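One-letter residues, chain by chain:
2 protein chains.
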Amino acid sequence: MINIDFDKMQGLAPAIIQDADDREVLMLGFMNQEALEKTLATGYATFYSRTRQKLWTKGETSGNRLRVVAASTDCDVDTILLRVQVEGGGVVCHEGTRSCFTKDLLAEDLLTKGSAEVAP
Amino acid sequence: MINIDFDKMQGLAPAIIQDADDREVLMLGFMNQEALEKTLATGYATFYSRTRQKLWTKGETSGNRLRVVAASTDCDVDTILLRVQVEGGGVVCHEGTRSCFTKDLLAEDLLTKGSAEVAP
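Residue numbers (our numbering), protein chains in the order written: chain A, 1207 to 1326; chain B, 1207 to 1326.
Incorrect hints may have been included.
It does not matter which identical chain is meant; a pair holds if it fits inside one copy or across any two.
When the alpha-carbon atoms are kept at most 35 Å apart in a straight line, the in silico DSBU-like pairs for lysine-lysine are as follows [to be verified]: (1) Lys1309 to Lys1260; (2) Lys1214 to Lys1244; (3) Lys1309 to Lys1244; (4) Lys1309 to Lys1214; (5) Lys1260 to Lys1214.
It is worth saying that the hints were derived from the structure and are not from the lab. This one's a predicted model, so the numbers in the text were calculated from it and none came from an experiment.
Put together the whole structure using the sequences plus the hints.
Here it is as structure tokens:
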């Protein structure tokens, strides 16, 4: 078992949640050692809530649990990536969308800059 | 322009880097307001290094820059997702792999548990 470096964030590490099938990034949560152990032991994503300061298993009330298909960490062993299958209605975000990442940041600006900076 | 909530992490927010073409998650870095502004202004991902305590533009020495194709944030506006095209040799990780997420966490355990927990 690889030991995740939780020290950089005072006991926490970011955990990226990605759909195992279509690879959409669905959400990001934080885990402490206990949340990671529970996730790996149960096969369902459990996070540590920074605002509520306790563990929460995603979907425990909504039914939209995140079944972990694969789990990995990065070169610095300070970030977790979980590939999941979403159970229940398949909705991850509390705003009713599949992914939490629905708010565009200046997409038009980037497209303009991107095309302007394409190498000749 | 959406204002990212940098307060939860003392001025930082995690930024997930995803390949715009095949949707592979390549790395996670952290941004402060200045790094995000530079990223959106230049179209190339710039992060804040927690260990070196300064901005760094990914690929500025290796040439493997991350050209931002789309940028979004989540429901809590405290996490950034960038879809990028990797320039140069296409390698993102300093260990020589395309993605930084190469270390498996108990994949076999999860597979066993996953199949045991499949609903009948």
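TODO: Just pull the numbers of the violated hints for me, sorted ascending.
DONE: Hint check: nothing fails, all pass.
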